Amino acid sequence: MPATVRCALKVNGEEQGVSFPSYKTLLEVLREELGLTGTKHGCELGECGACTVLVDGEPALSCLVLALECEGRSVETIEGVARGPELHPLQAAFADFGGSQCGYCTPGVIMTAKALLERNASPTRQQIKEATAGNLCRCTGYQQIVEAIEGAAARLRSEKAKEAS
Amino acid sequence: MKKRLEVLGKPRRRVDGRAKVTGQLRYADDLSMPRMLHAKLLRSPHPHATVEKVDAEKARKHPGVHLVLTGQDFPVPFGIMPVSVDEYPLARERVRYVGDPVAAVIARDEQAATEALKLIEVSYRILPVVGSAEEGLKNPEPRIHDYGEQGNIHRNQSYEFGNVEESLKSADLVFDDLFFYEGNTHLPMEQQASLAFLDPEGKLQVSSSTQNPHYLHRQLARVLQVPEASIRVVATPNGGGFGGKCDPGGHEFVVAKAALVLGRPVKIGLTREEVFYVHRGRHPVLMRMRTGVTRDGMLTGMHLQTLLDGGGYGSHGPASTFYTGVLTPVTYHYPRFKFEACRVFTNKPACGPKRGHGTPQPRFGQEVQLDKIAEKLAMDPAELRLKNLVKANSLTASWLHVGSIGLEECIRKVVELSGWKEKHRKLPRGRGVGLACSTYMCGAGVAIYWNKMPHSGVQILLDRSGSVIVYCGATEIGQGSDDVLAGIVAETLGVDPGVVRCVTGDTGITPVDLGSYSSRVTIMMGNAAVQAAERLRTAIAGVVCENLNTVPDRVVFSQGRVFAADSSGPGMTFVEAVHAAEAQLGTLSAVGSYAPPKPPGKYKGAGVGPSPAYSFTACVVETEVDERTGWIHVPKIWIAHDIGRALNPTLARGQVIGGVYMGLGEALMEEQSFRRLPEKLSGALVHRAPSMLDYKSLTALDMPEVEVALIEDPDPNCPYGAKEVGQGPLLPVMPALANAIYDAVGVRIDEVPITPDKVLSALERKAKGEPARVGPEAFPAVPYPKPTFVLPPWEGGDGNEAKRDAAAAVV
Ligand code: FES
Ligand code: FES
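Each protein sequence line maps, in turn, to chains G and W.
Under our numbering, residues 1 to 165 are what the first sequence spells out, in order.
Under our numbering, residues 1001 to 1811 are what the second sequence spells out, in order.
Any given hint might turn out to be false.
Said to hold, decoys possible - Derived, one-sided and incomplete: chain G residues facing chain W with beta-carbon distance under 7 Å:
1. N12
2. F20
3. S22
4. T37
5. P85
6. C105
7. Y142
To be verified - Just some of the chain G residues that point at chain W, by a computed CB distance under 10 Å:
8. C43
9. Q91
10. G103
11. T106
12. S122
13. I128
14. A133
15. C139
16. R157
Calculated directly from the structure, the hints in this document are not laboratory data.
Source: prediction; values computed, not measured.
The beta carbon of each residue, even a glycine, is placed where N, CA and C say it ideally should be.
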């Protein structure tokens, strides 16, 4: 058996110790060691964006990151996005506006969009397209993905406004 | 009792939406089991060679390896079509393309399997390579397969509906054009994966990313020599298919065999590079079209010749060959039609069905040629098309029955939305608009293997809890088939789709549905579902009518309640009605099934093309072409699709935009092309681009705005009137773009993809006073057979093959 390493990972807010062969990517450790199969892969070469997760809040292609490099950093995956039993506005919008057809690219696009909306609460269509240009989708033609992100952004803004008032 | 639609026709969250946005949906590669082993395939580095010896001794001894399989373990071939059973899970004596699998290692993990692959020694004897259809025609030897028509010709066919030469002679003008459509691939985001294991009863289960679990089931039984009843195939939700997961794949047989031998679960996940090798994508097709037209723009006849580059195996090729012609006469009336097609084996990954299956290629040529005809006759291209439309409820020269046709409305709609009349030939130089139309089947009229059974079956079970459980073999590949099923059942039973649970794509527990191909699911599964649900409604109405003081026909099922149409009484809840009916009738379940109507054509070969209904589409593309760089920018696309009825408009619109996206990708950049390595590097024919980086596809940034109009005129053959939407909207995009480029800069690009370098070289030719065109220059001499001659319906034919003299006597 190949040599394994032990490392502490913080995934979706939970600290956990994991043992895995040192060559494993973050993608592999999430899917194979932690059973978090919501993160997908379409190439494992950094070409498709399906494996996008957030590392310290920034989108990262988990197929290109060694899990070891993530020691002590915070990793967020699609499994951590919902608010308890409720869908996050991005998730709801993707389901309602046709942003997800086969759904295979969906976790990656939602993570990318989440990072975008955290940076920019009112992105233009062009900014949405630029942010998600690295996430290939073969089903939707992107239009309903863009509409879903716009819809979610609007809902998040109104939630914020309500909280403030 | 009929009521207004409550569920269908309104935008609704799809039933599998939540699972997809939370990451909970389990695709094939997300599955894992205790004691699971991993498989990897060794693939041929040569495009054509005999396999002299496979020495796997070292690999077998490698740590962690449990099993090595080679061609010798698979004596029985497979093939999706009974006429082309020509492929082995692992090649036995011959490899026919770079990537053909020759051996498999099953090991404790992928790492160990990959290491062991390198220890397998294969001795190959290199054979001459056939690199294109033309080369295959020129070089009948060595034969890539020892079956087929002759030499390297796999399929060769010819049909003539009325004397076509005569119809061309009687025309005022004859247009003779050559077109070429390059091959391209599906590129589903999910790579194929499969998991095989023995269930607790010792029976084989294969969970796989397949579009067609029923066909896979049959092929597994055949290849592994296991009784069909001892196999269960579960189609996991596909992360996109587009036709690429229709054929059974070598990897599926390998994991199934390994699970049988080892008694342990075995999984395989193909790499992206391997998905390019598996391919089964769009055939490269060379076309010649000769079309006659009168001075006032009436088509008199068409002679269409196609030449398909099939790649190394049969796949769906026999059907693809037909589809390069059979739908050509469905949009416009050709009084006479002749169609010759030839598919040649080459040493490349096998081509097969991709969205639009065989029809985008001739559609491209047909619609570009119509643009040329309109130009020559100084007619508006929209008018020319409107003038020649096929009439509703009519037959084509080739004996296809066309029922409802909303193409006229589609054309009028895109003309209006796009401002066509103000733009066509009127925009400043460098900008242009182009128009094109298309049609697609709502399911193939005939199954892939000959049988008289239904094409789709649905079983519904009503539970005392009020939940409705629906079983069907149909496969969710992202197109929304589960949502269609739930929507139709909910509508028919008057319940909320939320109480309907779909169990689909599982040959161990669901009635057979032939699969997710040929845009058949909504129509065939849908009709079966309506029948099953209506049977249950009738049964319940028969029981509760007495309580409701009415007759069964006046019982209404609506919004979770059951009541009498003509009374103001409260009625009862659906659950109460279920309880009452179950008390009287016993457990409540019903089945429904569907088989398409018998086609009117009776000649041999008339089985490909007929469909219960056809969808129609019209599209306008606007473009801006930079004459210095040849760069093509597409700011906007308008598209109208005759869908009969949009069951869930959100999904229908998504299918249309997704089709436009894929069509525009094919039009501008997608190509599965190959290059020959230099002689000193083996001279092999390899992919130019077995990766997503090199195989260009549109990103969010490249995608123009698409304005969609859904034309709804319910078709009586379809469930709640709904026609297909998954494939049709792709088809008009490529020719509409080519026509727009002509409008913008006056050059004809008669081949796909239309790239900046082609535009530039056409512009250069134009500047030199040469024909302003890039496209194929010659059509080779193809030895097409003597045509099957059939008289069109209006020339006294009866749908059977006729003698040519009979034609002379009638005319
Ligand atoms: S899997 Fe494709 S970018 Fe990571
Ligand atoms: S929804 Fe299928 S790849 Fe995006």
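Against the structure, the hints come out as follows:
1. N12: violated, 11 Å
2. F20: It is violated, given that the least Cβ distance between F20 (chain G) and chain W is near 11 Å, above 7 Å.
3. S22: Given a least distance of 12 Å, the restraint on S22 (chain G) is violated.
4. T37: Check passed: Cβ of T37 (chain G) comes within 4 Å of chain W, closer than 7 Å.
5. P85: violated, 11 Å
6. C105: holds, 5 Å
7. Y142: holds, 4 Å
8. C43: Since chain W brings a Cβ to about 4 Å from C43 (chain G), closer than 10 Å, the hint holds.
9. Q91: The hint holds - Q91 (chain G) has a Cβ within 10 Å of chain W, the shortest such distance being about 4 Å.
10. G103: With a minimum Cβ separation of about 3 Å from chain W (threshold 10 Å), the hint on G103 (chain G) holds.
11. T106: With a minimum Cβ separation of about 5 Å from chain W (threshold 10 Å), the hint on T106 (chain G) holds.
12. S122: Result: violated, 18 Å to nearest chain W Cβ.
13. I128: For I128 (chain G), the interface hint holds, since the closest Cβ of chain W sits about 8 Å away, which is under 10 Å.
14. A133: Since chain W brings a Cβ to about 4 Å from A133 (chain G), closer than 10 Å, the hint holds.
15. C139: Holds, about 5 Å.
16. R157: violated, 20 Å
Comparing the model with each numbered hint stated earlier shows that hints 1, 2, 3, 5, 12 and 16 do not hold.
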